[in-house]
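Chains as they are written, first to last, in the numbering used here: chain X, 1 to 458; chain F, 1 to 107.
Read the hints as simulated data drawn from the structure, not as lab findings.
There are no misleading hints in this set.
Just the calculated beta-carbon pair ranges, DEER-fashion:
no.	chain 1	residue 1	chain 2	residue 2	range
1	X	SER27	F	SER94	36 to 42 Å
2	X	ILE8	F	LEU15	40 to 46 Å
3	X	ALA388	F	MET63	46 to 52 Å
4	X	LEU21	F	SER94	28 to 34 Å
5	X	GLY59	F	ILE80	30 to 36 Å
6	F	LEU28	X	VAL181	32 to 38 Å
7	X	VAL382	F	THR96	49 to 55 Å
8	X	ALA53	F	GLU98	47 to 53 Å
9	F	GLY8	X	ALA53	43 to 49 Å
10	F	ARG92	X	SER383	53 to 59 Å
11	F	PHE71	X	GLY385	39 to 45 Å
12	F	ALA14	X	ALA260	24 to 30 Å
13	F	TYR25	X	ALA350	51 to 57 Å
A virtual CB, placed ideally from N, CA and C, is assigned to each residue, including glycine.
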Amino acid sequence: MTGLHLLIPEYLLLAGAIAALFIERVSGREGAGAALGAVVALAAAIAAVVIGAQGAIAGGMLALDAVAVTVRVAIAALTAVYLLWLVGRGMGPERSREAVAFVLFAALGSMLMASARDLIVLFISLELATMPAYVLMGYRRNDERNLEGALKYFLLSMTTSLILLYGLSFLFGIAGSTSLVAIAAAPPAGLLGTFASVFVFIGLFAKMSAAPFHFWAPDAYAGAPAGSVAFVSTVPKLAGTAVMVNLATALVPHAPVLPAVLALAAVTSMLLGNLAAFPQTDIRRLMAYSGVAHTGYVLLALSSATPAGYAAAVFYTIAYVVPSMAITLIAAEEGTALDDLAGLVVRRPAVAWGSVVLLLSLVGVPPMAGMLGKLFAFTAAVSAGRLALVIVAVVMSVVSAGYYFRILRPIFFASRSDAPVLASSRSAAVAFSLLVAATLALGIAASPLLSYLGVRFF
Amino acid sequence: MSLLQPVGVVSFMALAAVLFSLGLYGALSRKSAVMVLMSLELMANAVNINLVALSRFTAPAEMTGQIFAVFSMVVSAAEIGLGLALVLALYRRSQTVELDAMQELKG
Numbered sequence: 001m002t003g004l005h006l007l008i009p010e011y012l013l014l015a016g017a018i019a020a021l022f023i024e025r026v027s028g029r030e031g032a033g034a035a036l037g038a039v040v041a042l043a044a045a046i047a048a049v050v051i052g053a054q055g056a057i058a059g060g061m062l063a064l065d066a067v068a069v070t071v072r073v074a075i076a077a078l079t080a081v082y083l084l085w086l087v088g089r090g091m092g093p094e095r096s097r098e099a100v101a102f103v104l105f106a107a108l109g110s111m112l113m114a115s116a117r118d119l120i121v122l123f124i125s126l127e128l129a130t131m132p133a134y135v136l137m138g139y140r141r142n143d144e145r146n147l148e149g150a151l152k153y154f155l156l157s158m159t160t161s162l163i164l165l166y167g168l169s170f171l172f173g174i175a176g177s178t179s180l181v182a183i184a185a186a187p188p189a190g191l192l193g194t195f196a197s198v199f200v201f202i203g204l205f206a207k208m209s210a211a212p213f214h215f216w217a218p219d220a221y222a223g224a225p226a227g228s229v230a231f232v233s234t235v236p237k238l239a240g241t242a243v244m245v246n247l248a249t250a251l252v253p254h255a256p257v258l259p260a261v262l263a264l265a266a267v268t269s270m271l272l273g274n275l276a277a278f279p280q281t282d283i284r285r286l287m288a289y290s291g292v293a294h295t296g297y298v299l300l301a302l303s304s305a306t307p308a309g310y311a312a313a314v315f316y317t318i319a320y321v322v323p324s325m326a327i328t329l330i331a332a333e334e335g336t337a338l339d340d341l342a343g344l345v346v347r348r349p350a351v352a353w354g355s356v357v358l359l360l361s362l363v364g365v366p367p368m369a370g371m372l373g374k375l376f377a378f379t380a381a382v383s384a385g386r387l388a389l390v391i392v393a394v395v396m397s398v399v400s401a402g403y404y405f406r407i408l409r410p411i412f413f414a415s416r417s418d419a420p421v422l423a424s425s426r427s428a429a430v431a432f433s434l435l436v437a438a439t440l441a442l443g444i445a446a447s448p449l450l451s452y453l454g455v456r457f458f
Numbered sequence: 001m002s003l004l005q006p007v008g009v010v011s012f013m014a015l016a017a018v019l020f021s022l023g024l025y026g027a028l029s030r031k032s033a034v035m036v037l038m039s040l041e042l043m044a045n046a047v048n049i050n051l052v053a054l055s056r057f058t059a060p061a062e063m064t065g066q067i068f069a070v071f072s073m074v075v076s077a078a079e080i081g082l083g084l085a086l087v088l089a090l091y092r093r094s095q096t097v098e099l100d101a102m103q104e105l106k107g
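Let the sequences and hints guide you as you build the complete structure.
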């Protein structure tokens, strides 16, 4: 028994992606593809919960451990919520059925990536997750600015994919095997291990937009439709964290310098991301820099190189992508400049107050998810002896309040007469409230989730 | 030191490193999108040489590295196809493939 039936969530997404291309033609209803995709992704999330942790499957090429299961469920659930939003809002002037298919393909790639324990599977699923993103980023194909952003995103993303692949080829050389388990068990590889970790982690830092390899992110996001950014900048990052956890586990024995490298990238990301976010006036650019900063906190947790740190990194990633997606979705509805949000509290009070919850969670105010995520990340880092870094992180969290409140100012203290009249959409409203509710609920569900990940903090 | 000594894994890896560096330099410095795509292909081929050489010298019986190289070729062909589609779509709009001519997004 190879356990291939345990991949039912992945099969569901694959079937859904193909069906989404045709269902609007067959049923003749706009939005049917997105609705189908949302249902399929929800079913995949439920199936992933039911299947749970199973250990190694498919001859050891994939493994469903606690981290993989958590990330899998989170990816499928977030994809479902995103597609639910897409049912109501669509992709602007373009038809949305291809977008639904690409979103499902990217989610499928991300889910496989999180459970991959083999370099070939890892690389193929990484590409399956990134290639649809190129198309989504350039979705308005009649908009020159949009195409430029997509081309630049593509060129940089492919460069970093190849740097990562070059690192994987050295990683293969360590044990003469593509299995991560065999690589971790091989005798220390010296120079080969250092080469492998340098290239692999440069590639991963760039994919996760960690400083100093983050420079593509603000431009790429500002050139893309905000609706695409909401997906591309969040869901694949969940898989990225899981991959970093798996590769760090395999590589730390071969490259003892790796935790220090992670710590260095963490501190640069936290400083650069938080400070560069201040002068931004475009919500997509602001959220891109905020993403750099949050990746810094994730790397801080990873740099402890302990199971507690890895679990904290996974939890922090979930806690940060949920509100991040919701804020970007508001930008997709209202307009991407900060001033476009003016007077939102009068026009749409529920969204305005919801965004208060989201932003407080991103700053790290209790009792939201972000605060607990930071607490776990910092605890793991302190117990690994990185007190100085944690002090930087705490100071930077306080600083981050400054630019998150810059989003709130126009919402509450400005007015706008030329605001676009949005058609009310029940599915988009439900999707937004689900994201807000998840931000609150993750704070409460944090302890059970972390004990599932095998860590007890207090 | 004879010139006719057998070629070892280090020679192949050095060749791959040179090709990879050339490709990376080209990808970061070239102004034409088509030339950047060609530089990316060079990097992809460097990786393939590395994989095949390491496979031959560390685990010749299993051939996993060679299989990895086949997969990587397919993936990079698909990526280049997607990239050329983007370049073409942009060329139809703006009649240029020069990255410098694209001034709309700045730092």
